[in-house]
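2 protein chains.
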Amino acid sequence: MENVNMVPDMDQAYEDSFYKIIELLETKKYFHARDELLKHNEVEIAEMLVDIRREFDLKTMVVLFRALPKDISVDVFAELSVEDQVDIINIITDPEIRYILDELDFDDMIDVLEELPSNIVDKILDKTPKSERRLINTFLKYKEDSAGALMTPEYINLKKDATVREALDHIKDVGLDSETIYTCYVVDSGRKLIGVVSLKSLVISPDTMKVSDLMHDDPVVAHVDDDQEEVSDLFTRYGYLAIPVVDNEFRLVGIVTVDDILEVIEEETTEDIERMGGVIDTSDREYLDRSVWQHVKARLPWLFLLMCSYFVTGGILARFEDAMSAVIALVIYMPMLMGTGGNSGSQSSTLVIRGMATGELELGDFIKVMWKEIRVGVIVGICLSILNYFRIVYLDHNPPLVAVTVCVSMILIVIIAKLIGSMLPMIAKRIGIDPALMAGPMMASITDMISLCTYFIMAGLFLHI
Amino acid sequence: MENVNMVPDMDQAYEDSFYKIIELLETKKYFHARDELLKHNEVEIAEMLVDIRREFDLKTMVVLFRALPKDISVDVFAELSVEDQVDIINIITDPEIRYILDELDFDDMIDVLEELPSNIVDKILDKTPKSERRLINTFLKYKEDSAGALMTPEYINLKKDATVREALDHIKDVGLDSETIYTCYVVDSGRKLIGVVSLKSLVISPDTMKVSDLMHDDPVVAHVDDDQEEVSDLFTRYGYLAIPVVDNEFRLVGIVTVDDILEVIEEETTEDIERMGGVIDTSDREYLDRSVWQHVKARLPWLFLLMCSYFVTGGILARFEDAMSAVIALVIYMPMLMGTGGNSGSQSSTLVIRGMATGELELGDFIKVMWKEIRVGVIVGICLSILNYFRIVYLDHNPPLVAVTVCVSMILIVIIAKLIGSMLPMIAKRIGIDPALMAGPMMASITDMISLCTYFIMAGLFLHI
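Note that the protein sequences, when read in sequence, are chains R and Z. For the first sequence, the positions run 1 to 465 when this note's numbering is used. For the second sequence, the positions run 1 to 465 when this note's numbering is used.
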């Protein structure tokens, strides 16, 4: 019965259409390809253009892009990554650039201008009315990844004393050019934000009611210098559709909308996960769009650093060369102890890093976390050791004292690894380093060192070597 | 100048207020504590209640909760986690339960009912009107984490032939009870979805225009059985505020709104990151709210499994016991090779897992990814080896042949680790296993085995042992 389904398989339809376009392009039937492309919405057209660039080249992508009807081309342009946008700008003509930038939402336009070389920006701004030029220049100055860089000035301003009817009429007049009309803002004569009113409350209220009776007068705000991660936390916490951005004097300077935040969340999560996996990325490009060199640049430094940390580990081993020669069986259990230490530490650091990212864990919870990790470490360490004892004595037929050495080491290593794994990200945050850097690979290197030291100290104690 | 800032530090105000409440509760001044609590919005009150539960106990939290004005208590209840909600329900009286469930949004009510024991649900449904009971029972049957479990039936239905004015009047009548009024839906006589119209287009259009002229007639939809991760991908891709959910016959059965999706994204990201860090979680509770036993249960199985994989590694080492005794220097470079192999693999798996999660990488990109990873591996491996050669020969004063063994092993290990790290998550996805499980810890165990084998085979080749 699975296939008796009237809902079309969208992915399949997309794929089929895409391969049709590829075929048309291969036979240079550009206009047919364009017509096929136009069967999709702007999001899908943008995705297809990116895939076409990968399959052919930038030129083919731009040829198709220019063949799109003007109004659609702007919507498609807005859906592309900034990298692709800049590449297109560098190829198309000045009038085309002008048209696209004029029609783009203000915040999208700023994103493009930020990435263009300053001589091109100057040329574009040259023909822009003075007041708009001033606004653009203000926005270009906001720090990257700040609320200021994310916001748009295209919001709806309502008068406090207006009636619902007057407010709705005003929205009708200016709504088309606003990023959202679903949340409107009330400011005083000094442009200070005094309240927020939702379109919902306007629409369901009597025409004669006053805006001031409907507005929320203690709205949640972001500050223009806030990092975009803080702004996205506000959205997750409160579930709003838009959040106003104010400057130091509490003047309303812009708004951030939830659709932009979805992109920020994806971007920030990718950065976090990549850092936790030992990839320090410098570009926002996706995996396939990064060149081999960009990949090397994102990976080599961290690998290099961690490898150097193993010079210390090697040094430790060298000091115990005699012990190893005496009981070569010890070497056999070394990878297991190091691996389990690394994994135990990774688990703890992952939980703590994520807890801090979602705002659940704070630096003040240091002691609580430590106490929890110690108890978890003791239980986990003992469980793993019991299994190991039997394996070493009865399966590997090694002397019980070797088993005791391994088991006691195991318990200590798991506890220490869990402690370090949980504490290190918190300490990192305290001193202003991204906690995500203290995950997997970093943890493995540190715990390897500690595991070896613990192991050989225990060997000295129990085996007198 | 940093402190000349009229924007109040919200976090500080929150903290101060919270400690005031703690003090009031310690001296049993419950009503003063409640008044302090009421200075905050519902999101903050809910957060404070959770912190109060951690600081005192469930009872204190419920005492405060019951002391809240009725209408606020419902809004606060909606912001709590399902676990806290169920704990509260188990303590408060039947009339209180009834009031809260009546006032909750439909989807929030379903979330609570799902977690309650069936005898309590039956008791509650007993007093519910028959038509609503049937609807509730339908919703309770949807699979957990599916679009069906996420959606709400409280959406606005418009007639195709209605004018803008008629539509707005209708919205005014029913808007208060709808989850959102910003996106409205048009269905035919058979309840099949035929279009979507935004409140924005209604508000900015002339009163006499028809809904059918304004509506989008090829809307993006989710299917009722879709996983919540697929639904959230649609939101990220299209940036919509709400997405309609249809059944097999394309009948509109509910809508999902973006505020619920923000929670889904956080939940799914946490699950992904925890799995990548080797934590298999069974509860949705946060770090501090999980007991020590829950933490052990989430971590021990994976550690145990990975530890067992090191039995194989131990076996490999045992076979090379003679080689190690002969050239004990080899042991010194073992942790470095294993560690670098693990880190190289982690980097690749992290990138590929994230690429698949964001929808950039697909199974069809297998060959492209492989080819990229091989090239990256060769370059990275050679760079790391060059440094190592000099270190081994000139710093450690070991024979050049030992250095050659280590360096050639290093290059091979990095390439193999990068290949496995990138391929394994894709293979996992192909056979229906969550790719996130193929990250850090898993990668470290597998690459450890491969590193050791490669190392000793090279040792045999170059050192003839």
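Hints in this document: simulated from the structure, not taken from any laboratory. The structure presented is a predicted model; accordingly, all values stated were derived computationally and were not measured. Check each hint, because a few of them may be wrong.
Pairs count within a copy or across copies, as identical chains cannot be separated in the list.
[Stated by the list, open to error] Here are the simulated DSS-like pairs of lysine-lysine, each with C-alpha atoms no more than 25 angstroms apart in a straight line:
no. : residue 1 : residue 2
1   : K297      : K368
2   : K29       : K39
3   : K39       : K160
4   : K143      : K200
5   : K160      : K297
6   : K429      : K160
7   : K143      : K159
8   : K192      : K39
9   : K159      : K127
10  : K28       : K192
11  : K141      : K20
12  : K123      : K429
13  : K123      : K192
14  : K368      : K59
15  : K20       : K70
16  : K172      : K159
Verification of the supplied hints:
no.: 1; hint: K297 / K368; verdict: between (39 angstroms within a copy, 19 angstroms between copies)
no.: 2; hint: K29 / K39; verdict: within (16 angstroms within a copy, 66 angstroms between copies)
no.: 3; hint: K39 / K160; verdict: between (45 angstroms within a copy, 24 angstroms between copies)
no.: 4; hint: K143 / K200; verdict: neither (34 angstroms within a copy, 32 angstroms between copies)
no.: 5; hint: K160 / K297; verdict: neither (55 angstroms within a copy, 56 angstroms between copies)
no.: 6; hint: K429 / K160; verdict: neither (43 angstroms within a copy, 55 angstroms between copies)
no.: 7; hint: K143 / K159; verdict: neither (31 angstroms within a copy, 47 angstroms between copies)
no.: 8; hint: K192 / K39; verdict: between (46 angstroms within a copy, 22 angstroms between copies)
no.: 9; hint: K159 / K127; verdict: neither (33 angstroms within a copy, 47 angstroms between copies)
no.: 10; hint: K28 / K192; verdict: neither (57 angstroms within a copy, 41 angstroms between copies)
no.: 11; hint: K141 / K20; verdict: neither (45 angstroms within a copy, 41 angstroms between copies)
no.: 12; hint: K123 / K429; verdict: neither (43 angstroms within a copy, 49 angstroms between copies)
no.: 13; hint: K123 / K192; verdict: neither (34 angstroms within a copy, 52 angstroms between copies)
no.: 14; hint: K368 / K59; verdict: between (58 angstroms within a copy, 21 angstroms between copies)
no.: 15; hint: K20 / K70; verdict: within (23 angstroms within a copy, 60 angstroms between copies)
no.: 16; hint: K172 / K159; verdict: both (15 angstroms within a copy, 22 angstroms between copies)
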